[in-house]
Each structure stands twice: as structure tokens, then as C-alpha cells.
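Colleague: Quick mapping for you: the protein sequence lines, in order, are chains A and B. Under my numbering, the residues of the first sequence are numbered 1 to 113, in order. Under my numbering, the residues of the second sequence are numbered 1 to 114, in order.
Keep in mind that the hints are not guaranteed to be accurate.
If the Cβ cut is set under 7 Å, some of the chain A residues that face chain B in the computed set are [unchecked claim]: (1) P43; (2) F45; (3) R55; (4) G56; (5) N59; (6) P61; (7) F104; (8) P106; (9) T111.
Now the in silico label distances, taken between C-beta atoms and shown as ranges [unchecked claim]: (10) S73/A x R109/B: 10 to 20 Å; (11) E53/A x Q14/B: 43 to 53 Å; (12) P40/B x H10/A: 12 to 22 Å; (13) K111/B x E53/A: 41 to 51 Å; (14) Q17/A x Q69/B: 45 to 55 Å; (15) I46/B x N71/A: 45 to 55 Å; (16) N100/A x G43/B: 20 to 30 Å; (17) S73/A x Q14/B: 39 to 49 Å; (18) N77/A x A81/B: 39 to 49 Å; (19) S31/B x L113/A: 17 to 27 Å; (20) N100/A x S42/B: 17 to 27 Å; (21) R63/B x A95/A: 17 to 27 Å; (22) K73/B x H10/A: 33 to 43 Å.
Calculated directly from the structure, the hints in this document are not laboratory data. In this text, a Cβ means the ideal position worked out from N, Cα and C, and glycines have one as well.
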Amino acid sequence: DAGVTQSPTHLIKTRGQHVTLRCSPISGHKSVSWYQQVLGQGPQFIFQYYEKEERGRGNFPDRFSARQFPNYSSELNVNALLLGDSALYLCASSAGLGDNEQFFGPGTRLTVL
Amino acid sequence: AQKITQTQPGMFVQEKEAVTLDCTYDTSDPSYGLFWYKQPSSGEMIFLIYQGSYDQQNATEGRYSLNFQKARKSANLVISASQLGDSAMYFCAMREYGTYKYIFGTGTRLKVLA
Numbered sequence: 001d002a003g004v005t006q007s008p009t010h011l012i013k014t015r016g017q018h019v020t021l022r023c024s025p026i027s028g029h030k031s032v033s034w035y036q037q038v039l040g041q042g043p044q045f046i047f048q049y050y051e052k053e054e055r056g057r058g059n060f061p062d063r064f065s066a067r068q069f070p071n072y073s074s075e076l077n078v079n080a081l082l083l084g085d086s087a088l089y090l091c092a093s094s095a096g097l098g099d100n101e102q103f104f105g106p107g108t109r110l111t112v113l
Numbered sequence: 001a002q003k004i005t006q007t008q009p010g011m012f013v014q015e016k017e018a019v020t021l022d023c024t025y026d027t028s029d030p031s032y033g034l035f036w037y038k039q040p041s042s043g044e045m046i047f048l049i050y051q052g053s054y055d056q057q058n059a060t061e062g063r064y065s066l067n068f069q070k071a072r073k074s075a076n077l078v079i080s081a082s083q084l085g086d087s088a089m090y091f092c093a094m095r096e097y098g099t100y101k102y103i104f105g106t107g108t109r110l111k112v113l114a
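Work out the full structure: start from the sequences and follow the hints.
Modeller: This is the structure in C-alpha cells:
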């Protein structure tokens with residue numbers, strides 16, 4: 001079975017632009033979470049979606065939004081990019097909302113110039 | 001406030017020896033889970049072990065064990081018989097079940113020496 005996949009692998013944007021990152025969970029998993037990992041730090045929780053509804057939100061501005069589709073894949077959108085948004089964006093999937101084990105994807109490396 | 005603290009930025013251990021990575025946490029939620037993840041240089045996060053706040057016994061998964069001391073709010077990871085492939089960043093994390101929020105620590109970089 002395929003693991004969690006994310007696209008694109010790398011992305012370069014300029015300040016003020018918009019970006020969309022994509023994540024496909026493991027087959028059968030209904031929950032997707034998004035994290036931002038700035039170089040040298042631990043991941044910061046952004047969102048968790050389960051059954052197409054937002055179930056958890058971290059301390060990120062409204063420029064960050066996400067959605068989950070009927071096939072449980074997910075998009076993370078970031079508007080009005082800032083230099084500080086440069087990071088590795090990780091997606092994780094789990095079978096259910098309360099499941100303790102998350103499976104992470106390889107991440108999308110976003111660079112904002 | 002929800003918080004995870006890892007006070008060891010870097011650790012060295014000799015191959016085949018045991019090593020303990022420290023983690024303390026703070027939460028007001030009585031129901032929470034504690035996790036350890038490994039992040040090799042490739043960047044992918046790998047789940048290692050989980051401990052629930054109501055679990056009476058310490059969790060073990062192969063060479064990994066979690067030393068859970070609830071009163072001290074600590075959840076240290078013990079790796080036995082270290083291998084060269086254990087060299088990586090290790091993150092302690094907590095999930096509060098009231099909010100479904102996760103929080104990660106700043107990580108400990110472990111280097112296993114031959």
C-alpha cells in the first residue's frame with residue numbers, strides 16, 4: 001500500500017503570492033493533519049480534518065486554510081505569503097479522529113523569496 | 001498552557017549502549033497522549049511509541065520504551081542497544097484529547113558513535 005503522498009516536493013514563491021499544497025492519505029484513512037516545520041524547530045500543528053470537517057486548529061493566522069475532499073485527500077492554502085512561511089509542510093494521516101498513530105508524508109519544502 | 005520541553009539539543013551514545021532522551025510536558029487536560037517520533041535527515045517523521053495518560057504501564061515497542069512519570073510530568077524515551085541507524089532527530093509530542101491539538105518539542109539530535 002502507498003504511504004502518505006504530498007505534492008509538490010519543492011516550491012518557490014515570492015512574497016504576497018498564494019500557494020496550494022496537496023496531500024493524499026493512506027488508503028482507508030479518514031483523518032488528515034497539517035504541520036509547519038521551520039528549519040531547526042519541531043513541527044507546529046496547523047489543522048486536523050476528519051470526514052471533511054475541521055476538528056482541530058493550531059495558532060496560525062487566517063491566511064492559512066485547508067479543506068478535505070470526499071476521497072479524504074486534502075489541500076492546504078496559504079495566502080499573502082511572508083518570508084516567515086518558508087518551511088517544510090508535513091501532512092499526516094490516521095485512520096480515525098482519535099487514533100494515536102499518525103503516518104507522515106515526506107513533506108513539501110516551501111521557499112518564499 | 002500546553003507545552004513540551006526537550007532540554008537536550010544534542011546527545012551522543014556509543015553503539016550498543018542505551019540512551020535516555022528527556023521530555024517534560026505541561027497540560028491542564030486530564031486526557032492526553034504522549035508520543036515520540038524519529039526524523040532522519042531525509043525529513044520524514046516516523047512514529048516510535050505512544051503512552052496514554054491513563055495507561056498504568058510504561059509503553060514498549062521493541063528497543064524503545066517510554067518512561068512515564070505522571071506526577072513529574074515526564075515522558076522520557078529510552079533506546080536500548082543503540083544502532084548507527086538510530087542517528088536522527090527525536091521529537092516528543094503531546095495530544096490533548098479535549099482539543100485534538102498536537103504540540104511538538106524542539107527535538108534532540110542523537111548521534112550514535114561506532
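Colleague: For every hint, state whether the structure bears it out.
Modeller: Hints, verified against the model:
{"no.": "1", "hint": "P43", "in the structure": "5 Å, holds"}
{"no.": "2", "hint": "F45", "in the structure": "4 Å, holds"}
{"no.": "3", "hint": "R55", "in the structure": "5 Å, holds"}
{"no.": "4", "hint": "G56", "in the structure": "4 Å, holds"}
{"no.": "5", "hint": "N59", "in the structure": "9 Å, violated"}
{"no.": "6", "hint": "P61", "in the structure": "16 Å, violated"}
{"no.": "7", "hint": "F104", "in the structure": "4 Å, holds"}
{"no.": "8", "hint": "P106", "in the structure": "5 Å, holds"}
{"no.": "9", "hint": "T111", "in the structure": "14 Å, violated"}
{"no.": "10", "hint": "S73/A x R109/B: 10 to 20 Å", "in the structure": "33 Å, violated"}
{"no.": "11", "hint": "E53/A x Q14/B: 43 to 53 Å", "in the structure": "49 Å, holds"}
{"no.": "12", "hint": "P40/B x H10/A: 12 to 22 Å", "in the structure": "18 Å, holds"}
{"no.": "13", "hint": "K111/B x E53/A: 41 to 51 Å", "in the structure": "43 Å, holds"}
{"no.": "14", "hint": "Q17/A x Q69/B: 45 to 55 Å", "in the structure": "47 Å, holds"}
{"no.": "15", "hint": "I46/B x N71/A: 45 to 55 Å", "in the structure": "25 Å, violated"}
{"no.": "16", "hint": "N100/A x G43/B: 20 to 30 Å", "in the structure": "22 Å, holds"}
{"no.": "17", "hint": "S73/A x Q14/B: 39 to 49 Å", "in the structure": "45 Å, holds"}
{"no.": "18", "hint": "N77/A x A81/B: 39 to 49 Å", "in the structure": "45 Å, holds"}
{"no.": "19", "hint": "S31/B x L113/A: 17 to 27 Å", "in the structure": "43 Å, violated"}
{"no.": "20", "hint": "N100/A x S42/B: 17 to 27 Å", "in the structure": "24 Å, holds"}
{"no.": "21", "hint": "R63/B x A95/A: 17 to 27 Å", "in the structure": "25 Å, holds"}
{"no.": "22", "hint": "K73/B x H10/A: 33 to 43 Å", "in the structure": "39 Å, holds"}
This entry does not satisfy hints 5, 6, 9, 10, 15, 19, going by the numbered hints stated previously.
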